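K.L.:
Chain by chain, the residues run as shown.
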Amino acid sequence: MQLQREKVIFEHARPGRGAHDQWPAETATPELPQEMRRTRAPLLPEVSELDVVRHFTRLSQLNFSIDTHFYPLGSCTMKYNPKACNAYAMLPQFLARHPLAPESQGQGLLGCLYELQEMLRAVTGMPGIALSPMAGAQGEFAGVAMIRAYHASRGEAARDEIIVPEAAHGTNPATASMCGCTVREIPVGAEGDVDLEALRAAVGPRTAGIMLTNPSTLGVFERNIVEVAAVVHAAGGLLYYDGANLNAILGKVRPGDMGFDVMHMNLHKTFSTPHGGGGPGAGAVGAAERLLPFLPVPIVGQGPGGYRWLSESDRPQSIGRLSAFMGNTGVLLRAYVYMRMLGREGLRQVGEYATLNANYLLARLRAAGFDPAYPGRRASHEFIVTLKRQARELDVTAMDFAKRLLDFGLHAPTTYFPLLVPECLLIEPTETESKESLDGFAEAMAQIQREAEQEPEHVRSAPHNMVVRRLDDVRAARELDLTWRPSA
Amino acid sequence: MSHIPSDLKYTKTHEWLRQLPDGQLEVGITDHAQEQLGDLVFVEVPEAGRTLAVGEAYAVVESVKAASDVYSPLAGVITAVNGALKDSPELINQDPFGQGWLVRIKPASGAAGELMSADDYARLIVAEGE
Amino acid sequence: MAFIPHTPEDVAQMLATIGVASLEQLFDEIPAGLAIGSLSGVPEALNEMQIGRLMGERAQLDGRALCFIGAGAYEHHIPAAVWAIATRGEYYSAYTPYQAEASQGTLQTIYEFQTMIASLAGLAVANASLYDGASAFAESCLMAVRMNRKSRSKRILAARSVHPHYRRVARATAGHQGLKLEELAYDARSGRTSLAALAAHDGEDITAVAIQHPNFFGVLEDVDALASWARARGIPVIGIVNPTSLALIKPPGEWAGGADIAVGEGQPLGVPLASGGPYFGFMATRMEHVRQMPGRIVGRTLDAQGHPGFTLTLQAREQHIRRGKATSNICTNQGLAVTAATIYMSLMGPRGLARVAAACHARTHELAAALTRLNGVSAVFDAPYFHECVLRLDRPVAPVLAALASRGIQGGFDLAAEYPELGHALSVCATETKTAADIERYAAALADALRAARAA
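Residue numbers (the numbering used here), protein chains in the order written: chain A, 473 to 960; chain B, 1403 to 1532; chain C, 116 to 571.
FYI, nobody ran anything at the bench for these hints, they're computed from the structure.
Treat the hints with care, since some could be wrong.
[Claimed, not checked] If we take Cβ atoms under 10 Å as the criterion, some of the chain B residues that face chain A in the derived model are: (1) Ser1465; (2) Val1466; (3) Glu1492; (4) Lys1508.
Since we're looking at a predicted model, the values are computed, not measured.
Backbone N, C-alpha and C fix where the C-beta goes; we use that ideal spot for every residue, glycine too.
Looking at chain A on its own, in the form it has when it is part of the complex (with noise of 0.2 Å):
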């Protein structure tokens, strides 16, 4: 199918056309006052409903999507979003329901997030769970606050370093800074582990605690993480896990058990809800025993008339509050049923398919001739390979390799994160994708390979079959154009 350009809907306007169906009728408002009326109509669109069908229908057809291509975005865990999932957090009583309304009428909604929690306490080894941060940010937000609160609360507010590696998400450090950290970074080694001896002379006592992913943002095993937590703990700092990465030990290893006192999930990663363009996500958190009384709030608890929503005045010592009701609920239960519908055999799966395929992708791409950025080492779920030898040999680089792939109907791996490893693609499959996607994205690099050696303009100059041509993101920042306006 060849793909169209769609103008902008504003341009499909015609003064007077409506989807007249959808507007109550006209009333009257004597008791608002002149002077705090409106004066001008505000810019939307004036277009029928056939229009507006037809305008964002035909627009999600230039988007990629994991239900349209494969999607092998590193550290982003695009697996397939379940359609049940979707159906039954959708059933008419649950979108109906105010977040103010009784409990005693919200009985249902709470057993499924109370059970949410529970099965989390399950795979991530840790205590206690809150379920109210609304994305993976949110939740980073509240593991640091949470250590913050916890040296507070032992007279020692002047722990306020947080010590990262160097190859580090760049969430991170920013929720260092916003809790009024600073950021302390340590170097990786070699072989992509946390430098042993450099964390040695890092921690002190101004350290509050070190943010770590594992297996680490350079898709290995952080193989030292025993020693790592003895290291920090011995230095009276706490050790927070950023679960961006959950899915490669899912089932087969829980955080808890590797020494954090304190995590955040990405509810839309590891348990499949979706990614919507951009969100919204979910960030759950979870505790160990002495960062608990921390945790924000609201959580479910239950209580002799059944569940109830724990406040404020229930769990004083909380970080509070960081949404306006209950977080993301929606997306909670669709997190629900995912995991009940893997049950446990199926979340011990997630761990171990999703590392065989990294695994074969990576054994299918070194046998085309691409260097793995840490040859010795096993994939988790995901692995970098980099192309600097392309960048410097062909003068082709992981950019250009990431804008020829779309033009093979394959969506891009992640480019140039981490930052460590020049030209990199992080590249992800999940357990979802079958043998025969793995194969085809491995020919199509090899074939985008022998196209830099034989035609490098037209690596260079990609994509060519989208409905646009390489975007010029300098022109966007400096000739800034952020809303539609008419034209005189």
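Got chain A sorted already, so can you dock chains B and C onto it with the hints?
P.N.:
For chains B and C alone, coordinates are given in the frame of chain A:
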């Protein structure tokens, strides 16, 4: 290889200084720095009259891929700011040592930060590239 | 099975290619002591039929009462087209649009969304959304600190009539960066922010003033008086607003002197109540402040052949590039909710949304009239209100609400915990979804509840 005028002084954080006839110092970021950043899209400059300490971050240069702080190589007061950068941040890419100047500073007495010769700066860039 | 397509033959071939004998060998880098046996805390798998039945039973438990609660989340009719399109796989299962050429659908939708929100707010530019109204408010306070270089205090003035959860969230999330949220009194008779209380801060170093309009009580503020006080002193103004109301009432961009930042909860625009989320927060601002605005922003540009296209822009401010210097760690927007809202706003258009606003305004006034006709029920505030208002009962509210609930009516939000000074106060709201018969049913049930207690 990036351009490194021999009559200027340099810092480890890729800024340059030019001594002006009236005793003031003109500063900016180097050719190497602008190459690393890529096409600049925005420059945030301070106001004239602001006092600076050695090593203080006083401006931000923003490209599509990075936003970098610019540090003062000396203590002093900002006497002039390059207003042309507001509409044309690309001047820094095109002419980093000339039209891409950032600010002029009247130096305070006391030690300046660590400054390098052109040769030393050239060696620094090579070492960083390893 | 975890939606895993592999056959035993596939697994055997793959293991052979990798060069290992078993799947377990792939985990040999993990210290042996860490491996867990089985997830005993998780129940056995259910197939789709079984989980469907279970969820059906749970949903039935919650039922569907007649809802008259507002307090920050509002029941509106959501046209069927909205979620039929928003749940299309191409929107639902797409990622953040980092590869712009493969994401023009999402990017253009967001560009259109930004346009509509900016215009509703009467300001130049909007971002691609934040988590919810409360976190958008917290972010607006941090933005005001960044923008207002002249002020050092980090003191933000916000009335007690600003949504209590919003103020709590701002303290919990921005308190670590030195933000001080200070409460202004409201006038006990009108329910509006007291101008005298604001004016008492004359001459002090104030970083910003936040005005919610309509406020948590539903009352419409004297925004021009408040905004011009702040403007005259060079203090930035944050407007916390309801998007439905903006179809009818003067937006923050048009308050005296114009607000600097507008934020609010976007849920009323096509997002279901769903017990509190996922919603989305919106933020709009003046062009001169755009580089201080957190969150994602989509811009229109040209491609290599000179054709228009859309891409994320101004990303250098975001966490993944500024790292430790970022002032916010936000790296998401509420994508799916924003998609739904853009479709909703397109179906409503300016006239449809104005009709919804007018109907909500009228229904709430009719509800208030019907309820205050009963003995023991009176209005608390005398200023004009938009689509919710506060009523006083002659006895504690909680047991009355329980009696109404047992008759399938969710009568409103009890203000006793948050506003004890108001006595037995109840916040009620009637949107365009309520009919005259619904209002009559509520009035009759309330009359019975009040009579029954008296008779006891």
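K.L.:
Hints first: check each against the structure and report whether it holds.
P.N.:
Hint check:
1. The interface hint given for B/Ser1465 is met, as the beta carbon of that residue sits about 8 Å from the closest beta carbon of chain A, less than 10 Å.
2. About 5 Å separates the beta-carbon of B/Val1466 from the nearest beta-carbon of chain A, less than 10 Å, and the hint is met.
3. Proximity of B/Glu1492 to chain A holds as hinted, the smallest CB-CB distance being about 8 Å (cut-off 10 Å).
4. Violation of the interface hint for B/Lys1508 is found here, the shortest Cβ-Cβ separation to chain A being roughly 32 Å, above the 10 Å cut-off.
Checked against the numbered hints given earlier, the structure breaks only hint 4 and satisfies all the rest.
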